[in-house]
Amino acid sequence: MGAAQKRLTPTVQRVEASLLIWLDSSVNTLQESIDAQHQLRFVTGNLVVFEREDDCENYIGSLKENDRAILIVSGKLGQAFVPKVEKNGRLVSIYVYCGDMSRNQWTRDHPKVQGLAVQLQDLILKIKSGQSESQNAETDNTLLISTFTQNDTQEKTTSQMNGDFVQSQLLIYCLLKMKSPSKPSTELISVCGKEYKDNPEQSIILKEFRNEYSRERAIEWYTRESFIYKMLNQALRTQNFHVLYLFRFLIRDLEENLSRLRGSSVITVYRGQFMWENELDDLKQCKDQLISINSFLSTSCERKRAIAFLENKTGLERILFEITADPNLKGAKPFAYIGNASRYKREEEVLFMIGSIFRIDSVSHDRNGVWTIRLTLCGDQNPAIRETIDHYKSQDDQVDLDLIRLGNVLQRMGRYDDAERYYQRCLDETDESHNDHDKSTCYHALGSLERSKGHLQASLDWFHESLRIDKKNLKPNDPIIASTYIDIGNVHNDMGDLERALESYQSALEILRNKYGENNIQVATCYNNIGVVYKRQKNYSNALNMYQKALEIRQNCLPSNHCDIGASYDNIGIICRCCGEYDRALQHYKKALEIYQAVHSVQHPDIAMTLHNIGIVYEDQRDWKNALSYYNKAKTIYSKTFSSTHQAVLDNEKSIQRVSQKLH
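Residue numbers (the working numbering): 1 to 664.
These are calculated hints, taken from the structure and not from any lab test. The model shown is predicted, which means the values in this text are computed figures rather than measured ones. Among the clues, some could well be false.
[Claimed, not checked] Here are the simulated SDA-like cross-link-like pairs (lysine to any residue), alpha carbons at most 20 Å apart as the crow flies: (1) K590 with R622; (2) K635 with D651; (3) K64 with N278.
Input sequences plus hints: build the corresponding full structure.
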């Protein structure tokens, strides 16, 4: 089978937290500079040197969104060069190496300049000191924050960012639940070895990590100034799922250590953080709402210490988080004093587990230019959160293959390439174990993914392989076989082969009604999908009847904001639009959109599809402005999810062109 031959090789993006760029016309000619290059590689393994300004400027301009770079520039070149690049958000700090301090007063007007030095050794010490402080305070690192909003009066809908919040919690749950090694895997050691092959100091630490790591010392290893801290936190910020998968043992061990060290009294702790103005504005909008910080959060018991980290000029907003936390709170992620377990015995340090949930109590600004954001630690007991998360946990827990569970989370996040990587990895493992049930599960997952990506023939091939194995090993009326019939019907429907689609759905419906009766979620799926076929045959009355049956069952069986209920609203909206009931169509589409935004990540194609559908209704009503607005919103998501040749992308582009012509 052609589809089964495809294999994805895992790729690892650059994971070092800081890239060092050095611009100096003599950087490769003076022996002192050559020696300094070697020493700077002990600070960071990623050092790039330039002799020409234009080469350096082009390189800085090519940095990716998640890169964080430090620039070293000679005093001779700096005065003209720094203004050209300092507004680049990827450039977090600048150091000037100069022969005469008195000639460099110009640096006072450039807040990203963190230090000047006449001697290269002094410069190296300043950079190392800055790197150490920023590791402890994470002041050069962007916090990855997901928001759960519940205020209908805000411009953004109640659920605009909630899908990211829910899926980030499920990802953490999945990583913690996965089987993981007790020590660093050979694969992780290999990845780290390649990353730091030019860094002798980190190579020594890597050898110690491989030979001496133990679960009990997880906090000590995490707080050590080394590649471990940098790689893990960079992976969390950039959502490098391959690195997170490799570090899942450390994430699990840190959670166990924090749970073991958890105190008993309510505490107030602080954290200094630099933020871009737009990031601060987002938090200002979320007073009394919940946020999830999707990285390990290091804080201090000493307010003065947290404030001290904000004294350097950076051109960013200075933020002081003031956090009140109760260790006895039900459903809260663990946190603990880690002074005695830390590498540096900092007794004032408190570490919060990745995914900790907080409520924003207030945002205020003092006369010293520091913003204070007061947070209270919360559990995951909010009914709207708990209902959705518990449903997906229950759904994922029915799958007994760790890699498939992880792939399912990633697929819901719209991260299709990452999902495929783990589905394929799981298939490779089942090929070795010769387990037919697991192999069928992998085939089924890959079929679902290929359909989501619009690769219909590949999807059909995977589903038929799954069905072939299940028919050989299961009874003819097994619900697993019915589930595959449904998926095969879906692909035939997408292909326009409506008779085969209807035949597959009816085969599934017969099995499921005999097994479960009428009030069953898979029965609802059959009704819904039969309705899709009737709709395409323009039998709108029967289609609406099927959709309403499906919606009624789903409302009885599922959480109120489940995506399948959203799909039912979407489908009823389509029928209303076909019958010319435009206001009723918009009403149902917007209910679907609200649900999708609550449970999916912001780039999920279901959101794009519904936005496009709303655009169609506005176009039918000759409301060109609103139609174009919704088509463009859909385009923003499609461009991040699908290839330029995907049918949804092509249809969307045609709609934009058509409506744009009406406006001109």
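(message) For a C-alpha distance cap of 20 Å, please report whether K635 and D651 respect it.
(response) holds (10 Å)
(request) Take a quick look at whether K590 and R622 sit within 20 Å of each other, Cα to Cα. (result) With Cα atoms ~19 Å apart, K590 and R622 stay inside 20 Å; holds.
(request) Measure nothing beyond the straight line between the CA atoms of K64 and N278; if it is 20 Å or shorter, mark the hint as holding. (result) This hinted pair holds, its Cα atoms lying about 19 Å apart.
Comparing the model with each numbered hint stated earlier shows that all of them hold.
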